[in-house]
Amino acid sequence: MRTLKIVLTAAFVLAACDSKESDGKADGKAAEAGPDYSAIDTKVKAAKSGDDWLKITMECGSLEMDAAMKGNSKLGEDAEFNKHCGTGLKIARAKQVVELSKPDKMHDSCITASMDMDELIEKGKGGDEAKALKDKVNAACGL
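Mapping to the numbering used here: the sequence shown position 56 is 612, numbers consecutive.
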């Protein structure tokens, strides 16, 4: 059921983006003001579990879909978005994993954090911080 909802939402967003592009009109409202990231930043500071991080990731995806429906299909490339929802979010999760992992119990986001650091390194994002965090995450998680 969850997969069906995701597929239908993605199809709706793609259809909305496609119709905006075919109209040849850009909605100036989307470019006027970006999303408010204060709620996401607060949730990042309070996150403790993999479920918390999943909710934040879904909220960031919702911001992207809302922007796309308003004509801004490039929000994911925006530096401010990446600071709060992209690279910055992945680095924040990795730092928390290092902080909360114990020798006898790894954090439930260990594997995700390690994979996120691999992705950032592969894409050339996060620089030396991502490389250092990858090593710290793997050590803290016993990977």
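Treat the hints as calculated values from the structure; they're not laboratory data.
Computed from a predicted structure; not experimentally measured.
One thing to keep in mind: the hints can contain errors.
Straight-line alpha carbon distances no greater than 25 Å define the calculated DMTMM-like cross-link-like pairs of lysine to aspartate or glutamate that follow [as the list claims (entries may be wrong)]:
1. 630 to 615
2. 692 to 634
3. 630 to 660
4. 681 to 597
5. 626 to 615
6. 651 to 685
7. 611 to 675
8. 604 to 660
9. 658 to 592
10. 611 to 636
11. 681 to 660
12. 599 to 633
13. 687 to 622
| task | Sort out which numbered hints this structure fails and list those numbers smallest first. | result | 2, 3, 9, 11, 13
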